[in-house]
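> Below, each chain spelled out in residue letters.
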Amino acid sequence: MTVANRIETGTKINVNQLNLYYGENHALHNIDLSIEQNTIAALIGPSGCGKSTFLRTLNRMNDLIENVRINGDIIIDGQNIYDPTTDVVSLRKKVGMVFQRPNPFPMSIYDNIAYGPRIHGIKKKAVLDEIVERSLQQAALWDEVKDRLDKSALGLSGGQQQRLCIARLLAVEPDVLLMDEPTSALDPISTLKVEELTQVLKDKYTIIIVTHNMQQAARISDYTSFFLNGVLVESDKTDKIFTTPSDQRTEDYITGRFG
Amino acid sequence: MTVANRIETGTKINVNQLNLYYGENHALHNIDLSIEQNTIAALIGPSGCGKSTFLRTLNRMNDLIENVRINGDIIIDGQNIYDPTTDVVSLRKKVGMVFQRPNPFPMSIYDNIAYGPRIHGIKKKAVLDEIVERSLQQAALWDEVKDRLDKSALGLSGGQQQRLCIARLLAVEPDVLLMDEPTSALDPISTLKVEELTQVLKDKYTIIIVTHNMQQAARISDYTSFFLNGVLVESDKTDKIFTTPSDQRTEDYITGRFG
Amino acid sequence: MSSYADQLTDSLEQARKEPSKGNRWTRGQHRNDRIMRIIFVGSAILVSVIIFSIIAFVGWQGVKTFSAVSPSEFFFSTDWTPSKDKFGAFPFLYSTMLLTLLSVVMSLPLALAGAVFMAKIAPSWVREILRPATDLFVGIPSVVYGLIGLTVIVPFLAKFNEGFGYGILPAAIILAIMIMPTILSISEDAIRSLPGRLEEASLALGATRWQTIWRVLLPAARPGILTGVILGMGRAIGETMAVFMVIGNSPQMPKSLLSSTTVLTTAVVKDMGNTHYGSTWNNALFLMALVLLLISLLLIIVIRIVAKRSELK
Amino acid sequence: MTSKTTDRIATIFFWATGLIIVLLLAWFLIRILGDGLPMLSWNFITGRPSEVRAGGGVGPQLFNSFYILFLSLLFSLPIGIGAGVYLAIYAKKNQFTDFIRVSVEALASVPSIVFGLFGFLLFVNWMGLKFSILGGSATLALLNLPVLVRVTEVALRSVPESYWEASLALGSTQWQAIRKVLLPAALPSLMTGITLVAGRALGESAILIYTAGLSVSRYLPDFNIFSMGETLSTHLWYVQSEAIVPDAKNIAKGSAALLLLVVLAFNLLIAIPSRMIQKKLSGGK
Amino acid sequence: ACGSKAQTPADTKQGAAPAPAATTPAAQAPAIEGTVTASGSSALLPLVKAAADDFMKKNAKVTINPTAGGSGTGLKNVADGTSDIGSSDIEAGPEYKDKGLVDHIVAVAPFALIVSKDVNVDSLTKQQAADIYTGKITNWKDVGGKDAKIIVVHRPDGSGSRALVKQIVLGGAEFTKDGVTQESSGAVATTVGQTQGSIGYVDTPYLNDTIKAVKFDGVAFSKDAIKDGKYPLYGIEHMYTKGEAKGATKAFLDYIMSADFQGKSVEELKFLPANLLKK
Ligand SMILES: Nc1ncnc2c1ncn2[C@@H]1O[C@H](COP(=O)(O)OP(=O)(O)OP(=O)(O)O)[C@@H](O)[C@H]1O
Ligand SMILES: Nc1ncnc2c1ncn2[C@@H]1O[C@H](COP(=O)(O)OP(=O)(O)OP(=O)(O)O)[C@@H](O)[C@H]1O
Ligand SMILES: [Mg+2]
Ligand SMILES: [Mg+2]
Ligand SMILES: O=P([O-])([O-])[O-]
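Those protein sequences? They're chains C, B, E, F and V, same order as listed. Residues in the first sequence are numbered from -8 upward in steps of one, following the numbering used here. Residues in the second sequence are numbered from -8 upward in steps of one, following the numbering used here. Residues in the third sequence are numbered from 909 upward in steps of one, following the numbering used here. Residues in the fourth sequence are numbered from -15 upward in steps of one, following the numbering used here. Residues in the fifth sequence are numbered from 5 upward in steps of one, following the numbering used here.
Since the hints were derived computationally from the structure, they do not count as laboratory data. Some hints could be false.
Said to hold, decoys possible - Simulated crosslink set (DSS-like; lysine-lysine; CA at most 25 Å straight-line): (1) B:85 to F:233; (2) F:-12 to C:115; (3) E:1163 to V:234; (4) V:121 to F:233; (5) F:164 to B:137; (6) B:114 to F:233; (7) E:1067 to V:121; (8) V:145 to E:1067; (9) F:164 to B:114; (10) E:1067 to V:153.
Unchecked claim - Chain E is nowhere near these chain C residues, computed Cβ spacing over 12 Å in every case: (11) 116; (12) 131; (13) 141; (14) 148.
For clarity, every value in this text was computed on a predicted model and none was experimentally measured. Beta carbons are placed, not taken as given, at the ideal position from N, Cα and C, and that holds for glycine.
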């Protein structure tokens, strides 16, 4: 499949003139961005440029922080998620998130995966069993943990924990996966596994991934957006960004002049 | 001045067969390294490979951690710093350290700089004044703060704080500066200032700098050492490492295959 | 250029000229360092010495009781009639346990809900009000609690019990309020100190806030909450004056929650002043104090076990 | 019931709890202060108590409350801070440290009545101090001690590790780092902790009845540490239980209100400078 | 200079005696100074406090610290030296035989059975009172009142008043364990005042208008009734010192025994003079 192919499948997310303020701090400036279905979009930029902040606007995780003001529109599947009538809980079910540091709950592996289905009302053991197995398999973790499903998830290695978190997310069947530096706390081998996983998942999901590692962005993403000081400097196909960026600042960054 | 020039000035630090254990965890394996006077040596490697640990053996900051066992020799200016008779306090005066996150004391800017001289017995106001001014000037911070010396240092920006920490260090007149990712918490402009500062300082000091940013290592250092899983994989002139590394792992790392 | 080189050589020379000065200063600092270290260790040891002398002292005095009273009588008999040399302390033990449990049970819902509210729900300005408010509860002297118990709660309860309002119930109400801030603030800390990523993970899966609190946060904070409960229990067990004022103070098994009875602390205050040092009666009071002490120590051990378990996890 | 309704109900429930806690406190305060404030007059606050006739004051008790508090802190602060510093900074993870830590926790869990007995026998009887300000404050110091140790330890631990590292990396001795950086940085939380200790000490009665006595010196102020030292809270206990003055009830109400005001004032008095220091330390941020 | 330092205290001590005499010509004896602590019987406390007030007014350098705690406490404190004076409504028991206590009988303290105001019983016989306090009678209707539960209010075991009730009213029988126990006489009065259907016992100085004293065997408390032996509820109040009283303690005891105090103040305080029964 080529990039062109996928563009035809249509726009999944459309961000218009998004501004975000942490109190006085204007953290995102007039962001315009659209993201296609079944692609991987990478967000890159130096520390503090607003990548995480932007990512978290997409499933309204920033709502949790006090003193955040947001204006502009984010339209996912044709619906403005900042519309007052939007149900945040179902939005988050649809737009799932994987975090920088693996964050399994202090419960068994099974309960971690079953957590999402359970809170959404699934109680039957048989159904849960099936969901757990399927999700773990999708996350390429089933073989490693199938004999210890009732053991605490905190006993897994960092890389396994991260894949567990991905499996946990898949269990609620989201459409969009947001990943905030999902491999930055992992060793090279775990990193590789997670990267491979993203390649498999993009057939079913739309993935937006924040990364510090430019090689990673180049390896796995279809589109790359470069942020600097809260501004979206440039957004384009990944090979374009990494070979012939149109903005000087992008070039400076990817060639390591700063960051 | 070229690198060759400086080698003639002699070896400042000599590390022989250094091993370090955090309890059971063997964190440094048989490190051998020598560092020349008035050069900048960069330590690079993926997260958790032992860069910070190694750096902290050089001024015995690891002594503070429980259950650390160290064997092997570190010889600075001909003296083995792990000799039982070594006075740790004067060693640390001589081998100063700048940390990843700027850590000014919660006192005025003046008191921060004067802290070191004071604990070493200087009480005269005139002398202190002079040291404060000189150190701030050396750290390229004097002009920015000279009118607010009595204000809290915590009111400075991150980059200013980091230069303040460098100034504070210079005030105790060390020989060797250890810097553990001194710019990783800073914005690009502050980073640039600190980088420029290192170039000035290397005329008087021997500098060892840990960095995650390979471009930074390439830009500022004379020698680069690559660590992986507690092993010193390769150590050589910086241009050599970044152009024709002798070890495959080094090459994989600097080309972004992992990390 | 030259001035800079001059300065450098100057300072080097100076250092060479007065090496002893720097050394003397450094030596002095090293000595101070050693002295202070000894002082700190000494203080720490002193704390141990104090607790052990208290245990030894109270224990030594209390155990003498057994030369006149058998342990089985002391711990299991319900007959406390010192004038007839009957020293059955079971009613006191029983009432102590009952009162402690009841006050924790009454306190827990409010304290826990308050902790969750303050840690996760209240906007920061509400928290700014609530935090000092709960601290103030701690600042109210126990005599004042007792006074309120005596003048408000006892008469109120009396209306429902043929005019008799003393007993475990008013004491438990008072204690529940007194220990609420302890349980609340420790639980709040426990909930607040949970890594924010647990909450994020749950919310990002589409859980509501309540589901997150109930299914993730409270279970994860359980060790801390348990610690708070145990410390609250410790406070309830040790409280004296407030309980004394409302519990009725009869040396008998409570027939109901509104029936005059005595707990260990109040048994000790009631008679300690007027029994002669060295008499069996007096020794029995020390033995009760020892029992109190041992219960408190036991609670500490439980806390440590809980803490260790949660560390292992 | 959908999960969203449950969530809404839970939210209402939690807000209600917060409200109940505030109302409960407000009720206590209104009740104590409402009953007591009308009793407070200059004469009541500074006057000598009258033993038989109505109209006495609580001046000496008020003085003793502070005097005993001051002395008990004088005894317990150096040791408490010392042990706290040890635990926060020097203590290695070994059996000795565990032992000290268990001791502190054990001491913290000792019911105050047990301290009272211990102080009574040790200070009042064996050391022959009789019921006295000294005996009372020495015993009270034992009560304060473990809390101070904890407060110090927690305050020091909450100081960022980076200060400690920065100081040592500049070649300071440990003591220099503690004295010049850690203790000053820990001062605000240390002071808050000490306020809590003081509040508790001001309200303590079980201990003092047995060690400081229930009567006051005829002089005001009497700094003699060997004179009897009834405090405001023991006076409250005494007045409500055995006094025969006709206005005992009013004295009790007034004392309760005064006691509460004192604790409040104490909190404010220490909170304000501690906020100021905090502000100064953090550079106004 | 060294010498003078050592002498100073001695000088002032010598000089102290005549000085007050000069300034206050009214004082005949050399000024007494010191602190006297008196603890014990809460029954006697009003008297000790009143005496202390007066005595301190007359002696500017004496502090008297009167506290209660119960008779047992008083005896114990004086025996182990914690107090200078220990007061008690009952004689020191055999355990104090060899402690060298010296007895001073200072007053007669009548006490009364008190009930809360809602109790419509005005008089109790000795038998009725005994049955109530031993727990045989638990309802006011059994002693001629309305149908209401009786709540008995006690003093703790160390109380002299309790011992007297046990001895005079119960004839040595044990109290019921039911009911409320209050630390001191004042607290008993308060509790009875606010608890419906309650009965207690306090010394007459503690009587007030929130409670009602009942007649005992048909006799109400009065000085004459006691003198004539018709009202048996009273205790002999003792003040013990360890060894013969000295200094301020002695002066204070002397003041209490003085004709002035015994003749006037004692009865004003609702006690009776120490020599009432000897006459
Ligand atoms: N909760 C918050 N409150 C206030 N300011 C915040 C908050 N979170 C982030 N910021 C600020 O917003 C800006 C953007 O932060 P953000 O975390 O989005 O950066 P980032 O690009 O993800 O950086 P990193 O690569 O370090 O994760 C920063 O200046 C940061 O200080
Ligand atoms: N105090 C400690 N106690 C035990 N293990 C430690 C401690 N500090 C570091 N380690 C371990 O030692 C190894 C090396 O850590 P170190 O901090 O030196 O890595 P690093 O190269 O500096 O990584 P980073 O780039 O993330 O700073 C890691 O496995 C780490 O977990
Ligand atoms: Mg981020
Ligand atoms: Mg590091
Ligand atoms: O306090 P008493 O007089 O009853 O001993």
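> Would you pick out the hints that fail for this structure and give their numbers low to high?
Hints 1, 3, 6 contradicted; others consistent.
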